[in-house]
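*Asks:* Here is what each chain is made of, one letter per residue.
There are 2 protein chains.
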Amino acid sequence: MIEGVALDAYGTLFDVYSVEQKCEELYPGFGQRISQTWRQKQLEYSWLRTLMGRYENFWHVTEDALRYTLAELGLAADADNIETLMKSYLKLEMYPEVPQALEAFGSRKKVILTNGDLGMIEPLMNRTGLNEHLDGCLSADETGMFKVRPEVYQLAIDRMGIEKSHILFVSSNGWDVAGAKAFGFTVGWVNRRGLPPEELGVRADYEVTNLLELALAIEEER
Amino acid sequence: MIEGVALDAYGTLFDVYSVEQKCEELYPGFGQRISQTWRQKQLEYSWLRTLMGRYENFWHVTEDALRYTLAELGLAADADNIETLMKSYLKLEMYPEVPQALEAFGSRKKVILTNGDLGMIEPLMNRTGLNEHLDGCLSADETGMFKVRPEVYQLAIDRMGIEKSHILFVSSNGWDVAGAKAFGFTVGWVNRRGLPPEELGVRADYEVTNLLELALAIEEER
Chain A
1 MIEGVALDAY
11 GTLFDVYSVE
21 QKCEELYPGF
31 GQRISQTWRQ
41 KQLEYSWLRT
51 LMGRYENFWH
61 VTEDALRYTL
71 AELGLAADAD
81 NIETLMKSYL
91 KLEMYPEVPQ
101 ALEAFGSRKK
111 VILTNGDLGM
121 IEPLMNRTGL
131 NEHLDGCLSA
141 DETGMFKVRP
151 EVYQLAIDRM
161 GIEKSHILFV
171 SSNGWDVAGA
181 KAFGFTVGWV
191 NRRGLPPEEL
201 GVRADYEVTN
211 LLELALAIEE
221 ER
Chain B
1 MIEGVALDAY
11 GTLFDVYSVE
21 QKCEELYPGF
31 GQRISQTWRQ
41 KQLEYSWLRT
51 LMGRYENFWH
61 VTEDALRYTL
71 AELGLAADAD
81 NIETLMKSYL
91 KLEMYPEVPQ
101 ALEAFGSRKK
111 VILTNGDLGM
121 IEPLMNRTGL
131 NEHLDGCLSA
141 DETGMFKVRP
151 EVYQLAIDRM
161 GIEKSHILFV
171 SSNGWDVAGA
181 KAFGFTVGWV
191 NRRGLPPEEL
201 GVRADYEVTN
211 LLELALAIEE
221 ER
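The listed protein sequences correspond, in order, to chains A and B. For the first sequence, position 69 (counting from the first letter as 1) is numbered 69 according to the working numbering, and the numbering increases by one without interruption. For the second sequence, position 132 (counting from the first letter as 1) is numbered 132 according to the working numbering, and the numbering increases by one without interruption.
No lab work stands behind these hints, which were simulated from the structure alone. Please read these numbers as outputs of a predicted model, since none were measured by experiment. Cβ coordinates follow ideal geometry from the N, Cα and C atoms, glycine included. Check before you lean on any hint, since a few could be wrong.
[Unchecked claim] Quick look at which bits of chain B chain A covers, simulated, 3 or more residues with Cβ under 8 Å:
1) 28-35
2) 100-114
3) 167-179
[Said to hold, decoys possible] Computed list of chain A residues with no C-beta within reach of chain B, every gap over 12 Å:
4) LYS22
5) ARG54
6) GLU63
7) ARG108
8) ASP176
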C-alpha cells in the first residue's frame, strides 16, 4: 500500500530547538524564548510571504525571523551573533532514531520534502550522513512557495512517480500534517511534543511519538 | 492625497484580548494564556486555510482556534463554555479613541476591511454605534480567502473606487500592515503594543500609538 515515503525535515528529522543552547550562550537568560519565537516567526513568515506572493527562500526567512525575535525581546542584533546563530541552523541535531527508522521503511523510495532551500538542508544531510539513507531531497524552493501550498506537496508525486495516497508523508508539525492530509497523502504525525491535533478539518492517519514507531507500524501492515 | 480610509477591525478598532476576563472567569488562572493562544491560533488557521484552499469563515476558524487552545492547555472544552466564549467575541471592547478618530478623518470615505464575516462583525458595529461613523464594511468572506491575500485588499479599491496609493489602510496588526503595504496601499500602523515591525520586506508609512494620532497626522498633511 505505502510505496514511497516523503519526510519533512525541520522538527521531524532535525530538532529546530537544538539552537537553544547557542542562543543561551550569546544571550544569557533568553535561550528558550529566542529559540521558540524564532521558530514561530520563521513559520509565520513562510506562510505570510507565500500568501503575499513575495517569496524569499527559507534561509532568508529564517534570518528575518531571527532579527524580529531579537528586536521583540529587546536584544541587540549584533552582526556576529546573527551569523553565529544562523550557522547553528546548519548544525541542528538529528533525532536519534532517524537512521534506524529510515532503514525500517525498507526498500521504498524515501525523499525529504522540506521548506528549506538546498543550501541550508544539504549541509545537514551531509553532516549527519542522512543522504545515504535517502533517495533525494525536494525543496519548496523549486516552487517559489512554502507549505502548506499544494504545489509543494505535488513535488513528491512528480519526483517519485507514485500515486498520492500511496505516499506516506511524515511530519512532526501539526500544520504540515493538516496540509499534507488535505492534499491527499497518507499521513503520519510524529507528535514529538504531545500536542493536540490542529483544528483544520483533517486528521493524520497515524499518530506516533517517534519515527521508528511509525516505520514499524507501516511494516506491520504489509 | 488620502481620499479614503480602510480600517482593519480586530485588534485595530476592537480589543481581541478583551475576552480575557471571560476566559479567566470560566477557567481561573488561564485567562491570559487562553486569550493569547486563541488569537494566535485564529490567525494561523486563517493563513493555513487560505494556503490549503480550504476556506471556512472567520467565525468557524475562531471556534476551531478556541477548541485547539483549550486542548493545548489541557482544559475541558465544555459546550456551554465554548458558546459563552464565542459570544464574547460579539462583545469585544472598542478602543476608546475610535469614534473621535473616525470623525477626525473628515469627509473621506471610510470602510472596515476585515477577515470577519458579516455575521460576527455587524453585531460589534451595531453595539458600539460605529456603523454611524462608517460608509460600510467589507469582509474577506466575499473572496473565500483571508488577508494577506491581495484579493482581500482589492475589495477596498473595488468598493471605494479610489486608486490604491490614495487609500490609507489602517491596522494594528504587523502582518496586516505588511500585507497591505505590499499590496500598494498607503499604510498606517497603530502599534498599540509597542512591537517591532515584522521583517517582511516592507514598512508602514505611518507608525502611531493610537488611531486618533494617525487621523491628526493625516489631517495635518492636507
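*Asks:* So, for every hint listed, does it hold in this structure?
*Replies:* Status of each hint after checking the structure:
no. : hint    : verdict
1   : 28-35   : violated (count 0)
2   : 100-114 : violated (count 0)
3   : 167-179 : holds (count 3)
4   : LYS22   : holds, 20 Å
5   : ARG54   : violated, 6 Å
6   : GLU63   : violated, 8 Å
7   : ARG108  : holds, 26 Å
8   : ASP176  : violated, 10 Å
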